[in-house]
Amino acid sequence: MAGGSLLELRLARFGRVLRALGVPVGSGELVDALGALRVVDPLDRHQAKLALSAAMAKDQRSRELFDLAFDRFFTSGTSPAAGEPDQYTSDGADAGPDGDAHRQQPPQLWGEQLRLTPEQLSAWEALSEAQRERLREFLRRAGGEGGLDDSYRPLVEHVVREHLDRWHPAPPAHGLGGAATGDETLDEIVAGVIAGSGAEFDPLLSLDMNSIPAGEVARAGRVIRRLARRLATRMMRRYRVARRAASLDFRRTMRANFRYGGVPLRLHYRSPRISKPRIVLVCDVSGSMKKHAVFTLYFAGALYRTVQDLEGFVFAEDLERITPQLRGSTPRQLQQLAQDSAVWGRGTNLGRALRQLLSDHRTRLTPRTTVLILSDTKTLAAREAADLLREIRERVREVLWLNTVPEEQWGTLAAVELFQQHATMYPCSSLGDLGRVLDRAILRHRL
Amino acid sequence: MRDCSMDIAWLRQAFLGDGYICDDDILLPVFLSLRLGKPLLVEGAPGVGKTEIAKVLSRVLGLELIRLQCYEGLDENKALYEWNYQRQLLRIQVLQSGGAGLPNESDLFSQDYLLMRPLLRAIRSQSQSVLLIDEVDKVDEAFEAFLFELLSDFQVSIPELGTMVAREIPVVVLTSNSERDLSDGLKRRCVYLYIGFPEPDREARIIRAKAPGVGEGLAAEIAAAMSYLRSKLNLRKQPSIAEALDWARALLDLGYESLDQSSIAQTAGVILKCREDLDALRRDIASGGVGRMLGRE
Numbered sequence: 001m002a003g004g005s006l007l008e009l010r011l012a013r014f015g016r017v018l019r020a021l022g023v024p025v026g027s028g029e030l031v032d033a034l035g036a037l038r039v040v041d042p043l044d045r046h047q048a049k050l051a052l053s054a055a056m057a058k059d060q061r062s063r064e065l066f067d068l069a070f071d072r073f074f075t076s077g078t079s080p081a082a083g084e085p086d087q088y089t090s091d092g093a094d095a096g097p098d099g100d101a102h103r104q105q106p107p108q109l110w111g112e113q114l115r116l117t118p119e120q121l122s123a124w125e126a127l128s129e130a131q132r133e134r135l136r137e138f139l140r141r142a143g144g145e146g147g148l149d150d151s152y153r154p155l156v157e158h159v160v161r162e163h164l165d166r167w168h169p170a171p172p173a174h175g176l177g178g179a180a181t182g183d184e185t186l187d188e189i190v191a192g193v194i195a196g197s198g199a200e201f202d203p204l205l206s207l208d209m210n211s212i213p214a215g216e217v218a219r220a221g222r223v224i225r226r227l228a229r230r231l232a233t234r235m236m237r238r239y240r241v242a243r244r245a246a247s248l249d250f251r252r253t254m255r256a257n258f259r260y261g262g263v264p265l266r267l268h269y270r271s272p273r274i275s276k277p278r279i280v281l282v283c284d285v286s287g288s289m290k291k292h293a294v295f296t297l298y299f300a301g302a303l304y305r306t307v308q309d310l311e312g313f314v315f316a317e318d319l320e321r322i323t324p325q326l327r328g329s330t331p332r333q334l335q336q337l338a339q340d341s342a343v344w345g346r347g348t349n350l351g352r353a354l355r356q357l358l359s360d361h362r363t364r365l366t367p368r369t370t371v372l373i374l375s376d377t378k379t380l381a382a383r384e385a386a387d388l389l390r391e392i393r394e395r396v397r398e399v400l401w402l403n404t405v406p407e408e409q410w411g412t413l414a415a416v417e418l419f420q421q422h423a424t425m426y427p428c429s430s431l432g433d434l435g436r437v438l439d440r441a442i443l444r445h446r447l
Numbered sequence: 448m449r450d451c452s453m454d455i456a457w458l459r460q461a462f463l464g465d466g467y468i469c470d471d472d473i474l475l476p477v478f479l480s481l482r483l484g485k486p487l488l489v490e491g492a493p494g495v496g497k498t499e500i501a502k503v504l505s506r507v508l509g510l511e512l513i514r515l516q517c518y519e520g521l522d523e524n525k526a527l528y529e530w531n532y533q534r535q536l537l538r539i540q541v542l543q544s545g546g547a548g549l550p551n552e553s554d555l556f557s558q559d560y561l562l563m564r565p566l567l568r569a570i571r572s573q574s575q576s577v578l579l580i581d582e583v584d585k586v587d588e589a590f591e592a593f594l595f596e597l598l599s600d601f602q603v604s605i606p607e608l609g610t611m612v613a614r615e616i617p618v619v620v621l622t623s624n625s626e627r628d629l630s631d632g633l634k635r636r637c638v639y640l641y642i643g644f645p646e647p648d649r650e651a652r653i654i655r656a657k658a659p660g661v662g663e664g665l666a667a668e669i670a671a672a673m674s675y676l677r678s679k680l681n682l683r684k685q686p687s688i689a690e691a692l693d694w695a696r697a698l699l700d701l702g703y704e705s706l707d708q709s710s711i712a713q714t715a716g717v718i719l720k721c722r723e724d725l726d727a728l729r730r731d732i733a734s735g736g737v738g739r740m741l742g743r744e
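Taken in sequence, the protein lines are chains A and B.
Just so you know, the numbering used here puts 148 at position 148 of the first sequence, and the rest follows in order with no gaps.
Adding 447 to a residue's 1-based position in the second sequence gives its number in the numbering used here.
Okay, chain A solo, but in the shape it has when bound (with noise of 0.2 Å):
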């Protein structure tokens, strides 16, 4: 980019930024957002806004983070976050029952404290005196003589915090990550994006399905069948052309031309064959897992209206098949249904519900169909459990488990190890990580 003009190099970084934030922008767009700037009024911020994002950003993911990214980097200031909750204790007196002489106090800006969360202070305590000086330098330098002005305090802060957060990592509220670009100034706009961009995704995919409060049951019902429908089309696609050429039907040709007396006229191909995808669905519903099942079964349901071979089995103790009740059940409903079904709510026995759908239900598990397994691997006699889920592996394409213990934890549960063995596992605690997971499963296993 050298000897590039001064618009050209602002476009660049820019484009740095997006490509940061996982927008992807190559150098095809930048030239395309020049040629853009060109044809429009520069000066018309609402026009120059309008085609950059429509040569640089192509999808509406991408189109949200433009639009915050823009507005942080084409504008001088940058505006605090609205409404963000007041979860920074002021200073390091209050941050815990356990707070001594000894607590280090938190890092100053603009001659005031820093507010900081118990976690990250903890996290400031457990730095390194030399890791702890070089953020203190940073934010003298941000506050200090030629530094920034006091409206870059919400950036300046989040910046601290956000590294904060990376030494003592809370659970992220969201799947973005933000790539380090090599450039503090643009690393900060980044960091400002995804802490902006926090109010603009739904809450309620990164919640804990077992906490999603009661009142917002019916919106996560529509999250959960706009994730289903999504992945619905997706399952139904057929991703490869059977063969390039298509094949020659002799039969139906030679019979199609005995009226043109045998001159092959008309020709007939094997026309592909489409292969639906077959669905079982095994969901525990012992006590723990009660929540996470209503809403796991209102997703199956969402997706039974879409994917007609779908099989939906409950089990604590025993097993029971609830196919019938799937179609067209609210989570209302769903939860009405766990209080009146027999199992709901007991203890776990895995193995005996495996033994009953191997018995009871062999002729659902053929090579064509997919095992979707929702449980917390919590159960009597894992083992025995492990045996059968090798026995049923071995009888269909894939066995798919989805844990809803974080990942983190799944080093002190000894099952996880056994079913591991025998089952490709996903974490799924969220209904975003349940949208993320089976988009990724269907894309790598091709349901």
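Everything labelled a hint here was simulated from the structure, so no lab data went into it.
It should be emphasised that the depicted structure is a prediction, and the values quoted were computed from it without experimental measurement.
For every residue, glycine included, the Cβ atom is placed at its ideal position computed from N, Cα and C.
A portion of the hints provided could be inaccurate.
As the list claims (entries may be wrong) - Among the chain A residues that face chain B by a calculated CB cut under 8 Å, a handful are:
(1) G35
(2) A36
(3) V39
(4) P42
(5) L50
(6) A57
(7) K58
(8) G215
(9) E216
(10) G221
(11) R222
(12) G262
(13) V263
What the hints assert, rightly or not - Here are a few chain A residues that sit away from chain B, every Cβ distance over 12 Å (derived from the structure):
(14) D150
(15) S151
(16) D208
(17) R368
(18) R383
Stated by the list, open to error - Below, a list of computed lysine-lysine pairs in the DSBU-like style, where the Cα atoms sit at most 35 Å apart:
(19) K657(B) - K502(B)
(20) K49(A) - K657(B)
(21) K679(B) - K49(A)
(22) K502(B) - K49(A)
(23) K684(B) - K502(B)
(24) K525(B) - K502(B)
(25) K525(B) - K291(A)
(26) K525(B) - K679(B)
(27) K720(B) - K502(B)
(28) K290(A) - K684(B)
(29) K657(B) - K585(B)
(30) K585(B) - K720(B)
(31) K49(A) - K585(B)
(32) K585(B) - K684(B)
(33) K679(B) - K290(A)
(34) K525(B) - K657(B)
(35) K378(A) - K291(A)
(36) K684(B) - K49(A)
(37) K291(A) - K720(B)
(38) K525(B) - K720(B)
(39) K290(A) - K720(B)
(40) K684(B) - K291(A)
Fit chain B to the known structure of chain A by using the hints.
For chain B alone, kept in the frame of chain A given last:
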């Protein structure tokens, strides 16, 4: 037609004159695609006027519209070209039975036996055309790859005839219902436009433009009701602008001059197309939701 004198004000006026009511957020990407000579990729829910953009463009620019409707399993034979096999066969038969022997191979693979499909027609067209590739998200990925090759070079090679280069680069509009993500390669070659549901006042203007005879009051009520249905009811399939227009015409035919709960109930089948959605609306009417929104209990 893609002359440099065309500016956004002209395009705005032309779209308005053709009855396509839109703001700059729609107009500007269209304008950019024309000026940069790049395909326009339009995404949005069904019925928000994606296909209409191509039709309006063909009318205001005075160009022929060539349409390729995509579907699963669409291949090059149906999209690009095909040899007229039956005609070739007949010719062989005629020549053989006439005792003239076999024809030259080059005679059989000449332009006479070429069946041009939409993509080739757009390339071979004597004058510039508008090429509409509708619902591109339905095709296989392999075909999508072929498509973006074509869209970057605008030339096709037919083994028997050689390479055919476009005489005039067509104005290309691709539409997608975002049923799946399109490949980065295809997106890279396009200018992107997303059409969402319009704000109530714009929707009212669209209704007035597209369904003449609908009064200002009724149009505003329909637009408000649509916005309510889309945001407040938990619908499986949200009604689109197309449904709003159908609804306006239906209400007009039935002689309604304003909306109320009974007229909504009677015409619900025009806007909502599945049983559960109809049930949801019925429940909402019973609880007085729509009525309250319209200011009538």
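Here's how the hints hold up against the structure:
| no. | hint | in the structure |
| --- | --- | --- |
| 1 | G35 | 5 Å, holds |
| 2 | A36 | 5 Å, holds |
| 3 | V39 | 5 Å, holds |
| 4 | P42 | 13 Å, violated |
| 5 | L50 | 4 Å, holds |
| 6 | A57 | 7 Å, holds |
| 7 | K58 | 4 Å, holds |
| 8 | G215 | 14 Å, violated |
| 9 | E216 | 12 Å, violated |
| 10 | G221 | 7 Å, holds |
| 11 | R222 | 5 Å, holds |
| 12 | G262 | 12 Å, violated |
| 13 | V263 | 7 Å, holds |
| 14 | D150 | 34 Å, holds |
| 15 | S151 | 29 Å, holds |
| 16 | D208 | 23 Å, holds |
| 17 | R368 | 20 Å, holds |
| 18 | R383 | 42 Å, holds |
| 19 | K657(B) - K502(B) | 15 Å, holds |
| 20 | K49(A) - K657(B) | 30 Å, holds |
| 21 | K679(B) - K49(A) | 31 Å, holds |
| 22 | K502(B) - K49(A) | 26 Å, holds |
| 23 | K684(B) - K502(B) | 25 Å, holds |
| 24 | K525(B) - K502(B) | 22 Å, holds |
| 25 | K525(B) - K291(A) | 50 Å, violated |
| 26 | K525(B) - K679(B) | 43 Å, violated |
| 27 | K720(B) - K502(B) | 26 Å, holds |
| 28 | K290(A) - K684(B) | 29 Å, holds |
| 29 | K657(B) - K585(B) | 29 Å, holds |
| 30 | K585(B) - K720(B) | 22 Å, holds |
| 31 | K49(A) - K585(B) | 30 Å, holds |
| 32 | K585(B) - K684(B) | 19 Å, holds |
| 33 | K679(B) - K290(A) | 28 Å, holds |
| 34 | K525(B) - K657(B) | 34 Å, holds |
| 35 | K378(A) - K291(A) | 16 Å, holds |
| 36 | K684(B) - K49(A) | 31 Å, holds |
| 37 | K291(A) - K720(B) | 31 Å, holds |
| 38 | K525(B) - K720(B) | 32 Å, holds |
| 39 | K290(A) - K720(B) | 34 Å, holds |
| 40 | K684(B) - K291(A) | 26 Å, holds |
Comparing the model with each earlier hint shows violations of hints 4, 8, 9, 12, 25 and 26; every other hint is respected.
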